[in-house]
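Asks: Listed below, chain by chain, are the residues.
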Amino acid sequence: MSWLRKLGRSGLSFFERLGRGHLFFMSILCGLPSLLPRGYLLVQQLFSVGVLSFLIILVAGLFVGMVLGLQGYNTLVDFGAEESLGVMVALSLVRELGPVVTALLFAGRAGSALTAEIGLMKATEQLSGMEMMAVDPIKRVIVPRFVAGMLAMPLLAAIFSAVGVMGGFLVGVGLLGVDDGAFWSQIQSRVDFNDDILNGVIKSMVFGVVVTWIALFEGYDAVPTSEGVSRATTRTVVHASLVVLGLDFVLTALMFD
Amino acid sequence: MTVENHNSDDVLVKVRGLGFSRGSRLIFDGVDLDIRRGKVTAIMGPSGTGKTTLLKLIGGQLRPDQGSIEVDGQNVHKLRRSALFELRKRMGMLFQSGALLTDINVFDNVAFPVREHTKLPEELVRDLVLMKLQAVGLRGARDLMPSELSGGMARRVALARAIVLDPMMIMYDEPFTGQDPISKGVLVELIHKLNDALGLTSVVVSHDVSETAAIADYIYVLSGGKVVGQGTPEELARSDSEWVQQFMNAQPDGPVPFHYPAQDYVEDLMDGGEG
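Chains as they are written, first to last, in the working numbering: chain V, 1 to 257; chain S, 258 to 532.
Heads up, a few of these hints could be off.
[What the hints assert, rightly or not] If you want a taste of the chain S side facing chain V, the calculated C-beta under 10 Å gives, among others:
| no. | residue |
| --- | --- |
| 1 | R338 |
| 2 | A356 |
| 3 | D497 |
Just so you know, these hints were derived from the structure itself, not from any lab.
Where a beta carbon is used, it is the ideal one built from N, C-alpha and C, also for glycine.
All chains should be built: construct the whole structure from the sequences, respecting the hints.
Replies: Structure follows, in structure tokens:
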């Protein structure tokens, strides 16, 4: 019977945490208006969440695009369809790989940093101290980071896709000799703004919200010890990545039927 | 619940029948305390008696299971969030770690509550911050980052931050723990002087007997969730409670045993690990 009891207990604690996570999300939403008079906090966070993730996105985007170009060419050339390489690379990136890979990298780079930062602020009583100074840490610390994550993700995903297409171009046109004009004109005619690009942006925005939410909650809910913070950081990366992959399936099913 | 009849103007913090537990562990079991205006009141007791918890209860960060806590006539745990925040603006708290914000320098740390709660022009903020830093002797350290401060300096900066909005009371959480003798002396002097000069009410939670007895007007000794002794430092020194004597004179054995409860020593050795 003990395993049944264990199962029940872990089930209960799972749902309790889920509930706390959603209450936390609600309090972030309620705190959003408080950001208006403190725009400078948002700028600071956009820098640390967005700008500092820029390089890894740039490099990853370039290589993913190059690999797509290489693999796509090898398959398409069998059917004499190597002119479609551009549109294949562009659609894969804009619809799927751009938002998803960016979100995974974002969880690893910015999400883990957010969790560690908030967790350490909790462990060193900085959040408690703010509360005692009558400053709401949700409004002062959490909300600016949340909005920064929400805004930075779509921008990073867009950069990822753009650089990826350039990578595909470099390999396909520069290295393998695909026709330059066909590469770009097929992209232009077959990539739709509403169906492809806008849906990609919506996806990346959703991922941005989810990853930042998980990262901030894990930090805020962390056990305030060094071990607790390290566990929370690991959980952020694991949970955020799994949720992004799961949500991607749902969103794809809804968007591209 | 019996509420003693004090002159309510004289008492700033009134704790009645306080009960609080963490999980299955009972931390407070019917604690009554009065903290008088303008005085330094110390709350002492061995580690793990919930002294810090008491400060968090007074500050409204935790909720008691039973009993009530009134600060300046307001029941802390019946206030709405906005009223509680208004009350907290008049309460300073000095955390054991200092709890300085690590991403901004000393000056901005002290200016933080002023900038958050007032719309004073920047020149005035500067004057105010420098005055408070001067009071704790760290005007010259304004450009340092918290990571560059020693533990004692960090506490003094946190103290400057706690008094920057001129609160009515300050709560000190273990101000002397882990300090060298000079820093201890500085903090003792500061707590005492600030209390008198600014007309504050101070609550000092500590287990450093000599430092605390030197500045406290009144001492409560807590143990096992109850108040086991109270009085002025002189009264406590003359207390006939064995427990209070053991604590105040730092004796290793007494009502608080040296040994953690265990089976008989000889029996334990003779068992020889058979079990």
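Asks: Please go over all the hints and tell whether each is borne out by the structure.
Replies: Here is how each hint holds up against the structure:
Proximity of R338 (chain S) to chain V holds as hinted, the smallest CB-CB distance being about 9 Å (cut-off 10 Å). Taking 10 Å as the C-beta cut-off, the interface hint given for A356 (chain S) holds, the closest approach to chain V being about 3 Å. For D497 (chain S), the interface hint is violated, the least distance from its beta-carbon to any beta-carbon of chain V being 38 Å, above 10 Å.
Hint compliance for this structure: hint 3 alone is broken.
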